[in-house]
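> Note that the protein sequences, when read in sequence, are chains A and F. Per my numbering, residue 1 is the first one in the first sequence, and the count goes up by one each step. Per my numbering, residue 1 is the first one in the second sequence, and the count goes up by one each step.
To be clear, the hints were calculated from the coordinates, so they are not data collected in a lab. Remember, it's a predicted structure, so these values are computed and weren't measured experimentally. Among these hints, one or two may not hold up.
What the simulated footprint calls covered on chain A by chain F, stretch by stretch (three residues with Cβ under 8 Å from a Cβ of chain F suffice, anywhere in the stretch; the number is not a length) [stated by the list, open to error]: (1) 16-27; (2) 81-93.
Derived Cβ-Cβ restraints for the label pairs, each shown as a range [stated by the list, open to error]: (3) 75(F) to 37(A): 37 to 45 Å; (4) 95(A) to 306(F): 28 to 36 Å; (5) 484(F) to 43(A): 36 to 44 Å; (6) 95(A) to 397(F): 46 to 54 Å.
Heads up, the beta-carbon is just placed ideally off N, CA and C, and yes, glycines get one too.
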Amino acid sequence: MARSKNDVLQGTIDLLVLRSLDVRGALHGYAITQHIQRGSADLLRVEEGSLYPALHRMEQAGWVRGRWGTTEKNRQARFYAITAAGRRQLEQEQESWGRLTDGVNRVLRFA
Amino acid sequence: MSWLHRLANTLRPRSLARDLDREVAFHLSERADDLAAGGMSPDQAALEARRRFGNRTVLTERTHDRDVMVWLESVVADVRYAGRTLVAHPGFTAVAVLSLALGLGANTAIFSLADAVILRSLPVRDPAQLMMVEPRDRDHPGPSPRADVDFTNPIWEQIRDHTHVFTGVFAYNSHTFDLSNGGLVRHTNGAIVSGAFFDVLGVRSVAGRLLATGDDVRGCGGVAVVSGGFASRELGGAAAAIGRTLTLDGHPMEIVGVSDPRFFGIEVGRKADVFIPLCTEDLLQGPGTLDQRSNWYLQIVGRAAPGLTLDAVSARLAAAGPAIMEATLPQRWSHTAKSQYLTRSFGVRPAASGFSGLRQEYDKPLWLLMAAVALVLIIACVNIANLLLARGAARQREIAIRVSLGAGRARVVRQLLTECVLLALGGAMLGVLFARWADLLIVAWISTRRQPAALDLSLDWRVLGFTVGAALVTAVLFGLVPAWRATRVDAHALLKSGGRGLAGGRRHRMSRPLVAAQLALSLALVTSAGLLLTTFRNLASVDPGFRRDGIVLVEADLSRATPDTGRLPAMARGVLDGLRAIPGVRSVGQSAFTAMSGSGWNDFVLVPGFTAHDAQDSLSYFNEVGEDYFSTMGTPLLAGRTFTPADGAGSDAVVIVTRTMARHFFGVDNPLGRTFRTPIGDTASPPYRIIGVVGDSKYRSLDEATPAIVYVPLGAKAGLPGWSTWSYEVRTDLPVTTIVPAVRDAVGRVSPAIEIDVHALSAQVDATLARPRLLATLSSFFGALALVLAVVGLYGTLAYDVTRRRNEIGIRMALGAAWKDVVRLVVGDAGRVVAAGVLIGAALSLAATRFVASLLYGIAPQDVRTLVGATGVLACTALIATMLPAWRAARTDPTEALRDE
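Using the sequences plus the hints, can you model the full thing?
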């Protein structure tokens, strides 16, 4: 999948979402926000308005697959699961995130 | 694959929208639950959940912007909104749509003409493979600039039988058939074609069979194929036509088939309704016609084998050239003419769009008109752009509100452009209607009695595509800049200021150069129109050397009245006497040709002591005329005498010449008694002795240089084959329609088999003015349109400025400015714009008029008076457009204007 340049920030949300789904299996949108928030010890908070566009975009790209299901509170929710293509994307994103943070850290150390 | 998803989305757009709604609803309720669990009241929790989630509309848009269907939905919404806005401003909408309709309509009208006459391919199978044989020079075998592509039948037979360049080849001769059997003629356009014609073109029949090579054999009796249109118009349908017999130039021929109604032959602008095989030439024109080696009348068209280029085909034909010319050499020609004949060879030119006399005549005028209407459209565009700029300024509040509510700039630009597209398409629809009507009018103008222009102007995808394309380009042209400017607002500042003229200054700077450009373009158009008008007036007032009014032409074909050519002169005399006896007829002349009839006779003149600069220089026109010809036509006798009935019969060949003939060949005004000869092969004719000199006349057209003409008496040339058609000039005060029955009776008494055609000489002369008249009329119309649009643009700008500067004017007046000063302010403003427009326009005109130079008569393209006149017209109309705003400005009440502030 070709990516456009202005997706850097979106790229972060992709990474976080894909990672969450990879670790926790199928999740609905609200659970994804909760997972990210808790997983980052409240350091990161997903902007809720941009989560769903991101999920739909990723679904169109074929990285995640959405299915309607029922929660324990017996509410209808759409559960998202990571696909094989999504895993490949996750690997790439992790790698480039690693490079980015590595680069930023080096600059900060030597600046 | 991503687009596959999108495609899938378009097929279930509603479920997608519902999905998102349900997902968000779930999210909100989960969040509210968590908040409530933290101790909030349920209502507060729901509110807080919604607040945290943010703008749902933006979310929907962002999620769905990738969805084609949703995009379409937003377009529909845009269109509806634009429609409402336009309806809410009926004045603006009407002005915009109307001026676009005029601009686009004019473009559509001219384009569909140009398409039909110049661009479109013939409605036959694989037209791109068709090539037309053209004469070339053996020693310089480049493409031929010569318009004529006629060949003799012997050459055609050689090409047909001895070259193997084409997969199929045919010969074509446009012919006007007479369907009558004696009495008043009924003309029908048709063609005489070789047997393979329909086969090579791949035309299908709708009934019966089409001509085949078996129909085209020497000594044939002739069968006919008629067009579908002709069959249903004249014969009660295709099926009923089969087996019927048509009388074609007096020869009965059976109809064996009906061709596809869309097929019109290969000459664009001239619809052929009847097709007969080439072998009938021997029947129609007399035995031996097909073997004549100096009778040039056939066009040859071939279908090249796929993959062969024009050059390849030309090269192969050129290789065959010498043998063909050798085999078809006219035996009786002079030695020099023969050796010149042998230097000719062949090539091909593309024939996908057929050939066309109309195209040759109107090719340049149509492109010129195309340029003119494009300019008119541009001027109309600029007007609307100006209107939109003004409106954009007025709509800034609206736009600011939309921007502050979160609309992206591109989104607002799109919305504004939608309005423009809607305007343009509205204009296009109206314009197409206008174009249909205009095209009919134009075709009527370029049709002449002898040659009605038959063009397929049905609305096809090309024309509609052109119009819609032009409309869209127009919309972007006039819409984009205003939309871009209108959205360049600081919403915050604007809303605070109460929406009072922030962008006025910008618009101001923008609109003046635009108006100046409009004026410049319209000046160029008006100047060109002035030149073409003067050309038409010059041509219309040319003295043709005869009185054109009050003369009815009776053209009588005697060929079928008697098989005995020896009786023809007596019969022609009988017709003359019959016409003379009609009450109300003052005098009757008789001649072989009439001026501007399209046919004529010329020959070389050999005068001892006269050396010609070139071959053309020693050519003179000839005509054979009766004794009352000059007095009837009103051509003055300058010296000597006119003919008497004895002149033609005597052994002494006497002639009358025009003054130009006398001066050109003899260098004197009065060469009475002098003689000249004409060449016959390598020898010369007996001498012609000059017995009279008459005033000059035009022969072929009004715009030709005064020609040399030799008149021979009746009988001098009689007996030549085909010399059985006479024109009678009938001077009478009666109108044509009144005299027709009497003429028919008088001629019928001589022989009912004589065919006659009756029309006014003035109509025949007028027909030669069709092109200049069309150009003068249309260019004046477009020039006036451009001028009005440009001046309306000027008015609009000034009026807007006066409104905008009301405060300033009020202050000036409060400080003691008189109304004269205010008028001067406005007029001075306008003057600068007009001056700029005139300066640029004058330069533009001088450049533009070069393109019309070849269409002018009696006026130079850089004619200063025309330019000055056009400038004067422009200045006057501009002044009128200025007076109203100036007057309004002068009436400004300072107290009121200032109270407003």
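> Now, for every hint given, state plainly whether the structure supports it.
Hints, verified against the model:
1. Only residues whose C-beta sits within less than 8 Å of a C-beta in chain F count toward coverage, and the stretch 16-27 of chain A has 0 of them, not enough to reach three; the restraint is violated.
2. Check result for the stretch 81-93 of chain A against chain F: violated, 0 residues qualifying (beta carbon to beta carbon below 8 Å, three or more required).
3. Separation of residue 75(F) from residue 37(A) is about 39 Å and conforms to the stated range, judged on CB atoms against 37 to 45 Å.
4. Between residue 95(A) and residue 306(F), the C-beta spacing of about 57 Å breaks the proposed range 28 to 36 Å.
5. At roughly 43 Å, the beta-carbon separation of residue 484(F) and residue 43(A) lies within the given 36 to 44 Å, and the hint holds.
6. For residue 95(A) and residue 397(F), the hinted distance range of 46 to 54 Å is satisfied, since their beta carbons lie about 52 Å from each other.
Hints 1, 2, 4 from the list above are not met by this structure, while the remaining hints are.
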